[in-house]
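Chemist: From first to last, the protein sequence lines are chains A and B.
The first sequence begins at 2 in the working numbering and counts up one residue at a time.
The second sequence begins at 2 in the working numbering and counts up one residue at a time.
Rather than coming from a laboratory, the hints here were simulated on the basis of the structure.
There may be inaccurate statements among the hints.
A pair counts as met if it fits within one copy or between any two copies, since identical chains are not told apart.
[As the list claims (entries may be wrong)] Heads up, simulated BS3-like pairs for lysine-lysine below, C-alpha to C-alpha not over 30 Å straight-line:
{"id": "1", "residue 1": "LYS36", "residue 2": "LYS264"}
{"id": "2", "residue 1": "LYS36", "residue 2": "LYS223"}
{"id": "3", "residue 1": "LYS268", "residue 2": "LYS383"}
{"id": "4", "residue 1": "LYS264", "residue 2": "LYS223"}
For clarity, every value in this text was computed on a predicted model and none was experimentally measured.
Protein chains: 2
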Amino acid sequence: MEKVYITGIGQVAVGEHWDQSLAALSSKAIRAALKDAGDPQPEIVYIGNFLASSISHQANLGALVCDAAGLHGLEGTTVEAGEASGAAALHMGYLAITSNMADCVVVVGLEKMTDMVGDEIEAFAAQSGDTDFEGMQGLTPNGMAGLLMQRYLDQYHAPCESFASFPITAHANGVNNPFAMYRKNVDLDSYGKAPMVSVPLSLYDVPTFADGAAALVLVNRKLLRDGQKAVLISASEIATDTLAVHDRADPLAFDAVHISTTKALEKAKLTRDCLDLFECWDTPSIYGMLSLEAGGFAERGRGWQFATLDNLALTGRLPVATLGGIKAHGFAPGAAGAYQVLDAVQQLRGEAGRNQIASAQVAMTQAISGAAASVITHILRKM
Amino acid sequence: MEKVYITGIGQVAVGEHWDQSLAALSSKAIRAALKDAGDPQPEIVYIGNFLASSISHQANLGALVCDAAGLHGLEGTTVEAGEASGAAALHMGYLAITSNMADCVVVVGLEKMTDMVGDEIEAFAAQSGDTDFEGMQGLTPNGMAGLLMQRYLDQYHAPCESFASFPITAHANGVNNPFAMYRKNVDLDSYGKAPMVSVPLSLYDVPTFADGAAALVLVNRKLLRDGQKAVLISASEIATDTLAVHDRADPLAFDAVHISTTKALEKAKLTRDCLDLFECWDTPSIYGMLSLEAGGFAERGRGWQFATLDNLALTGRLPVATLGGIKAHGFAPGAAGAYQVLDAVQQLRGEAGRNQIASAQVAMTQAISGAAASVITHILRKM
Chain A
2 MEKVYITGIG
12 QVAVGEHWDQ
22 SLAALSSKAI
32 RAALKDAGDP
42 QPEIVYIGNF
52 LASSISHQAN
62 LGALVCDAAG
72 LHGLEGTTVE
82 AGEASGAAAL
92 HMGYLAITSN
102 MADCVVVVGL
112 EKMTDMVGDE
122 IEAFAAQSGD
132 TDFEGMQGLT
142 PNGMAGLLMQ
152 RYLDQYHAPC
162 ESFASFPITA
172 HANGVNNPFA
182 MYRKNVDLDS
192 YGKAPMVSVP
202 LSLYDVPTFA
212 DGAAALVLVN
222 RKLLRDGQKA
232 VLISASEIAT
242 DTLAVHDRAD
252 PLAFDAVHIS
262 TTKALEKAKL
272 TRDCLDLFEC
282 WDTPSIYGML
292 SLEAGGFAER
302 GRGWQFATLD
312 NLALTGRLPV
322 ATLGGIKAHG
332 FAPGAAGAYQ
342 VLDAVQQLRG
352 EAGRNQIASA
362 QVAMTQAISG
372 AAASVITHIL
382 RKM
Chain B
2 MEKVYITGIG
12 QVAVGEHWDQ
22 SLAALSSKAI
32 RAALKDAGDP
42 QPEIVYIGNF
52 LASSISHQAN
62 LGALVCDAAG
72 LHGLEGTTVE
82 AGEASGAAAL
92 HMGYLAITSN
102 MADCVVVVGL
112 EKMTDMVGDE
122 IEAFAAQSGD
132 TDFEGMQGLT
142 PNGMAGLLMQ
152 RYLDQYHAPC
162 ESFASFPITA
172 HANGVNNPFA
182 MYRKNVDLDS
192 YGKAPMVSVP
202 LSLYDVPTFA
212 DGAAALVLVN
222 RKLLRDGQKA
232 VLISASEIAT
242 DTLAVHDRAD
252 PLAFDAVHIS
262 TTKALEKAKL
272 TRDCLDLFEC
282 WDTPSIYGML
292 SLEAGGFAER
302 GRGWQFATLD
312 NLALTGRLPV
322 ATLGGIKAHG
332 FAPGAAGAYQ
342 VLDAVQQLRG
352 EAGRNQIASA
362 QVAMTQAISG
372 AAASVITHIL
382 RKM
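All chains should be built: construct the whole structure from the sequences, respecting the hints.
Modeler: Written out as structure tokens, the structure reads:
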């Protein structure tokens, strides 16, 4: 099987880009990634996007993005897996290289939330859950996360501040990331005083919707140049669970996280101890917590004891959100899975600046859509 | 590169399935396809869908469809390329097998139009064109096709009835297909009297939106059983053009058809003469015509002389729409590209009943989205 290397990354800062279209955002990220990779000639572009159809009334992004980026005539296709779409597009790029269909593929995670404003946005975001049985009844993503957090607190008698480590860590790491939307620290005191969004979920437990585009250039061995800074994709694994949470025997189990993580580690022939960092789905913070447990990093019901500030810090046992995570980056849903990989690539290249994890060799990234209805895990290695 | 075989097909008849959800439609097609393939255990499901986000407010179909079909935990991802989404999903399935990521993949084209009624449907369908510069100005898919047809008639001094061969052929072939929505003949007289939709485009020149699901089971050599009726995928090629037609030097050129067709024939090491049938994008009929020209089956501007009833018939030089095409099948946009392949598979298996093309060995299928902004060509061979 042909090996797959990431040789270029490019991103626009997540934010409210009122004046920039889907075409403009994606082009900027793609051109930056191609330049970073030494301007190879890609043959395929995969676009990870969640909501352009509902929010921007635009589908067929394959043609739109190729055209806008000056990549005329190329294969261009959209890949959708809810909020994990960016990671799903990377998975397809991985397949295209391993299958020898292409020597060079561009992957871009893309989301434009500000083409619409108001309550509708929250309703659209609920499309990653079960519309008929959840969304239609008014259950939004934050509503679902709040229910699961309440269940967690009740079932495990965990204190509310158990979840604070995720946003505090993410915000601390976001301070040094010029592409992060929020670049200020949050402490336990302000976490405790934050207004409630969906009890017991507070403002710091949930992501902020925004626009974004993050691109990656993938090549095979043949196109890899000597001395080029490259990152190997050791595994790319997708798993699904029931779409509706009420269909699960155990709502806190996050089975798809377990399946996806286990398969990825097996494929990469690695154990959890080998990971130097884990770009987990850090927000809603309850999802970060459940992914640590389902992923086997902490025992069931004991994640809150594992997820201390010390353990999750850049120098900790399992650094997460190392350049701000989704919480401090801002949340461009269909792009988030790609931003996670960009952050991991920067760590493995030793380009994470003041957030650099010393001698980082192996990183795992994990994108979650819905209440872990789809989970996509990638394992990356420094070359 | 691992070879890819289609060993199972399953479909629901295209129609107005008011009482059936996305989950129900896809499950029926998938279960039928798996049964047809001898019930192998798939590892991945790719869903081709165009408009579920806008029409059914449901994304994350990967989890929905896997769950509904009883395929718990599998990789499930949505692939979107406008009206060509079903073919795009097949392309991804092809990649997953050739890359050795999976031994068995299920592909399903899926569309549920009747979750919404009224004018909005036409506006949503326009999402496969350029929303900012075409759709937003009121240019619908039928509007665009009408403009291109007018241009064709003017530029080449072709008679209006030049296009009649497409719907007449499709309807004639649909009569014997139990899965077709329209099972009655149309003649030149009724074609000439049909009400106009977008002058000079009449009712018989355009497709009818409806619900549908069509599934395919793909396996590699290892899972192919002796004596199993299988069809080889010899090529799967996607190409894009500018999304907006006004950005093209020649609006009648359909460059993406040319690129996709040429690449597919090269990959399959075949010439056009080798094709026993061509499941072309037969409606809007102008797109059928332009795809014959751009695909190299007829000279530029002479397609209308080539596209006679005799030439396109089951016994003709280039049989098209052999089981009713999109026109008689009914048009479930995201599923149409998959239905085309199902029809071709039936021909190659010798299961096309009264529409059987004698000793059919090689078939080409071609799905078009927007005004040929994305084009996906597959070449299939009898085993």
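Chemist: Reference check for the pair LYS268 and LYS383, CA-CA at most 30 Å: within, between, both, or neither?
Modeler: Intra 16 Å, inter 35 Å, cutoff 30 Å: intra-copy only.
Chemist: Pop the pair LYS264 and LYS223 into one bin, within, between, both or neither, using alpha-carbon distances up to 30 Å.
Modeler: Result: close both inside a copy and across copies, 27 Å intra and 22 Å inter.
Chemist: If the cutoff is 30 Å on CA atoms, where do LYS36 and LYS223 land: within, between, both or neither? Let me know, please.
Modeler: within (19 Å within a copy, 41 Å between copies)
Chemist: For LYS36 vs LYS264, is the C-alpha pair at or below 30 Å within one copy, between two copies, both, or neither?
Modeler: between (33 Å within a copy, 28 Å between copies)
Checked against the numbered hints listed earlier, the structure breaks none of them; every hint is satisfied.
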